[in-house]
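**Q** Since the structure of chain F is provided, determine the placement of chain G on it from the hints.
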Amino acid sequence: MITIFPDILILLFPFVMLSLKLFLKVSLKTQENFAVGYFLVVFVTLNFILLGQNHFYLSNWKIDSFGIFMREIFVLSSLLAISLSHNYFNSSVSLKPKLLNFSEFSASVGFAAFGGIVVVSANDLLTLFIGLELATIPMYALVAWNKRDSEGTEAAIKFILTGSVATAFELFGFSYLYGFSGFITFPEITNAVATAQVSPLLWISLLFIISGIGFKMTLFPFHLWAPDIYEGAPTPVTAILSVTSKAVAITFLTVLVLGPLHSVQKEISPFLALLAGATLFVGNLGALSQSKLRRFMAFSSISQAGYILIALLGNTPNAKYSIVYYLFLYTFSNYLAFFIFSVVGKNQAETFSALRGLSEKNKFLAISLLIALMSLAGIPPLAGFFGKLQIFTTAAENGHFFLILFAVLNNVLALYYYIQVLKSAWIDKPEKEIALSIPTKQKIIILILTLSVLLLGFLPFLSNNLSIAFL
Amino acid sequence: MIFNIPFSDILFYIVAVFMIFAALLAVVSKNILRNAIFLIATFIGTAVLYLMLQAEFMAMAQIMLYVGGVVVFIIFAILLTSRLGEDYLSTPKSQKIGALFLAMTFLAITLNFLIQNSNLLKNVSNATPADSSLSAYGIRLLSYAPDGFLLPFEIISILLFMTLVIAITIAKKDDKEEK
Numbered sequence: 001m002i003t004i005f006p007d008i009l010i011l012l013f014p015f016v017m018l019s020l021k022l023f024l025k026v027s028l029k030t031q032e033n034f035a036v037g038y039f040l041v042v043f044v045t046l047n048f049i050l051l052g053q054n055h056f057y058l059s060n061w062k063i064d065s066f067g068i069f070m071r072e073i074f075v076l077s078s079l080l081a082i083s084l085s086h087n088y089f090n091s092s093v094s095l096k097p098k099l100l101n102f103s104e105f106s107a108s109v110g111f112a113a114f115g116g117i118v119v120v121s122a123n124d125l126l127t128l129f130i131g132l133e134l135a136t137i138p139m140y141a142l143v144a145w146n147k148r149d150s151e152g153t154e155a156a157i158k159f160i161l162t163g164s165v166a167t168a169f170e171l172f173g174f175s176y177l178y179g180f181s182g183f184i185t186f187p188e189i190t191n192a193v194a195t196a197q198v199s200p201l202l203w204i205s206l207l208f209i210i211s212g213i214g215f216k217m218t219l220f221p222f223h224l225w226a227p228d229i230y231e232g233a234p235t236p237v238t239a240i241l242s243v244t245s246k247a248v249a250i251t252f253l254t255v256l257v258l259g260p261l262h263s264v265q266k267e268i269s270p271f272l273a274l275l276a277g278a279t280l281f282v283g284n285l286g287a288l289s290q291s292k293l294r295r296f297m298a299f300s301s302i303s304q305a306g307y308i309l310i311a312l313l314g315n316t317p318n319a320k321y322s323i324v325y326y327l328f329l330y331t332f333s334n335y336l337a338f339f340i341f342s343v344v345g346k347n348q349a350e351t352f353s354a355l356r357g358l359s360e361k362n363k364f365l366a367i368s369l370l371i372a373l374m375s376l377a378g379i380p381p382l383a384g385f386f387g388k389l390q391i392f393t394t395a396a397e398n399g400h401f402f403l404i405l406f407a408v409l410n411n412v413l414a415l416y417y418y419i420q421v422l423k424s425a426w427i428d429k430p431e432k433e434i435a436l437s438i439p440t441k442q443k444i445i446i447l448i449l450t451l452s453v454l455l456l457g458f459l460p461f462l463s464n465n466l467s468i469a470f471l
Numbered sequence: 472m473i474f475n476i477p478f479s480d481i482l483f484y485i486v487a488v489f490m491i492f493a494a495l496l497a498v499v500s501k502n503i504l505r506n507a508i509f510l511i512a513t514f515i516g517t518a519v520l521y522l523m524l525q526a527e528f529m530a531m532a533q534i535m536l537y538v539g540g541v542v543v544f545i546i547f548a549i550l551l552t553s554r555l556g557e558d559y560l561s562t563p564k565s566q567k568i569g570a571l572f573l574a575m576t577f578l579a580i581t582l583n584f585l586i587q588n589s590n591l592l593k594n595v596s597n598a599t600p601a602d603s604s605l606s607a608y609g610i611r612l613l614s615y616a617p618d619g620f621l622l623p624f625e626i627i628s629i630l631l632f633m634t635l636v637i638a639i640t641i642a643k644k645d646d647k648e649e650k
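Which chain is which? The protein sequence lines are F and G, in order.
Counting with our numbering, you get residues 1 to 471 for the letters of the first sequence.
Counting with our numbering, you get residues 472 to 650 for the letters of the second sequence.
Bound conformation, chain F alone (with noise of 0.2 Å):
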């Protein structure tokens, strides 16, 4: 019974969050401490499941140990998301109007993460597209909250007509499944593709999904959107869409590829492979040239999309050991840089000289900063690094070696950047004096944050679950 209860305390999340605001009337302040707590709880309450195990609820509602890991990394952005928004409500950061409503924020922040839990427990294509749905609609409105800043509005409006373009892609894709085998569950689309193997409507149907869902995970071609709408959302939305949204969209691909397309995976990994060499290529150029540190956290987080596509190229649970190994350690190395960003950009515009002379006025934040951008280069005694040996020894596995070559070369490419970054905030001498500020709770996660990405690496915790639930 325990294994369904956090799905439970998921979904009430928002409307407990309405009630507060509406008819209890409670503070900010009350709020913003509740919504942490809950997801606290939830979180822990998804450590006590039993890994290894397969559930089914209501016939159609899978919990499998995939899905329990993938709902812990969804909580988690969403804990890490809130508590980097409280900032933003209370006053007003990098010049820009603070952000009003918080129970509406964090409901739909809430909602979002459920999205991503209906995607990982769907067993058939209408479950899975609704849950696609119920991740990607919040976010449209998350990136305009700020309604007195008309970058966001612009941004908003971008996001929400692209991003519809992608979500028609996605459905004429299912159609095209749905017409090649008759059915729309999972276990009859896997007869259907093991029988038929490759056919032309296959082919169709793939070409559109791969679309649609590439651009919610910024893959290659249809990665253009990023970088304008991170630059135009408030940074703890630009946070939520870099993790929760990618981490859906990763997800929404695993379950379709290692599930009912699994007895066509070797014919369409050349197109994966392909489509995540140029998504790494892309995103790291993208990143060079970038003054605006949103802007490079987006290329960044692009060429990081590209790195966690490789997982896919493997067989079933490394591949998945590796997705949620990556995506854990991802999402802490970027919640740390956002977390420092916003400290940095309290009363300033968020760019590369911002930064400039962090290393004297905090060496903390300037330690700190290190490590998160050292880890998310995938430097070795860094959560990073492991990260990307885990993603490479999969797809090593299936002889993936020229693309596994080309992501290392990338690699170097991609230290560039980072380094670049990290020059501004230890070599270079400020223009001008800003006084900086670190609130005690702040200071606290971002201390857990760093300890983190510091340890998680070699500590035995994360590899050991995840080897008890996959190998």
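Hints listed in this document are in silico derivations from the structure and should not be mistaken for laboratory results.
Do not take every clue at face value.
[Claimed, not checked] DSS-like cross-link-like pairs, simulated, lysine-lysine; straight-line CA separation at most 27 Å:
1) F:LYS98 with F:LYS147
2) F:LYS98 with G:LYS501
3) G:LYS643 with F:LYS21
[As the list claims (entries may be wrong)] Here are some of the chain G residues that sit facing chain F, going by a computed Cβ distance under 10 Å:
4) PHE478
5) SER479
6) ALA548
7) LEU621
8) ILE629
9) PHE632
10) THR640
11) ILE641
12) LYS643
[Unchecked claim] So the derived label-pair ranges between C-beta atoms look like this:
13) G:ASN583 with F:GLY182: 14 to 22 Å
14) F:SER437 with G:ILE627: 45 to 53 Å
15) F:GLY182 with G:LYS567: 32 to 40 Å
16) F:LEU447 with G:VAL543: 56 to 64 Å
17) F:PRO221 with G:ILE481: 45 to 53 Å
18) F:LEU447 with G:THR552: 51 to 59 Å
19) F:GLY182 with G:MET531: 21 to 29 Å
None of these values were measured; they are calculated from a predicted model.
C-beta: ideal position from N, C-alpha, C; glycine also.
**A** Relative to the frame of chain F, chain G by itself:
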């Protein structure tokens, strides 16, 4: 002999030709208002096809949702947007050629599939009219058997609720007290 052909076949071809023409006009016509009207004609043709397949519910949903909802919405949007209905749309030639090429590719692939699996055309479905009746739909929507749709049905209600909440939040004026 023409008299040996069942009447339903003749009706099918009439509807099909009508739909193809309406669809072509919906794309080719340069006035956006006319495009919308021809789109309605195409959707009504689809509804007739559903009726001929004895799927009354689908036919009804098709007319209510697409003709009654979506296209009327489009027409309202066109008429309320100043001058959008008056201008003639023009598409660059390169786009037209690209679109034609894509459409032909899809047609070729679909035809190829249908020719390879020609038994699909001959197979008579063993579904009875009762399967597509309104009560059968209702029962399947709320059934939690493996082929039931309880989960998506309920999740859609959450999706709609969420969309309402965030749309109102984005559209409403902010309270003074929070500033």
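**Q** Confirm or reject each hint.
**A** Evaluation of the provided hints:
| no. | hint | in the structure |
| --- | --- | --- |
| 1 | F:LYS98 with F:LYS147 | holds, 10 Å |
| 2 | F:LYS98 with G:LYS501 | violated, 47 Å |
| 3 | G:LYS643 with F:LYS21 | holds, 16 Å |
| 4 | PHE478 | violated, 28 Å |
| 5 | SER479 | violated, 23 Å |
| 6 | ALA548 | violated, 14 Å |
| 7 | LEU621 | holds, 6 Å |
| 8 | ILE629 | holds, 7 Å |
| 9 | PHE632 | holds, 9 Å |
| 10 | THR640 | holds, 4 Å |
| 11 | ILE641 | holds, 5 Å |
| 12 | LYS643 | holds, 9 Å |
| 13 | G:ASN583 with F:GLY182: 14 to 22 Å | holds, 18 Å |
| 14 | F:SER437 with G:ILE627: 45 to 53 Å | holds, 46 Å |
| 15 | F:GLY182 with G:LYS567: 32 to 40 Å | holds, 35 Å |
| 16 | F:LEU447 with G:VAL543: 56 to 64 Å | holds, 58 Å |
| 17 | F:PRO221 with G:ILE481: 45 to 53 Å | holds, 47 Å |
| 18 | F:LEU447 with G:THR552: 51 to 59 Å | holds, 54 Å |
| 19 | F:GLY182 with G:MET531: 21 to 29 Å | holds, 24 Å |
Hint check: violations occur at hints 2, 4, 5 and 6; the rest are consistent with the structure.
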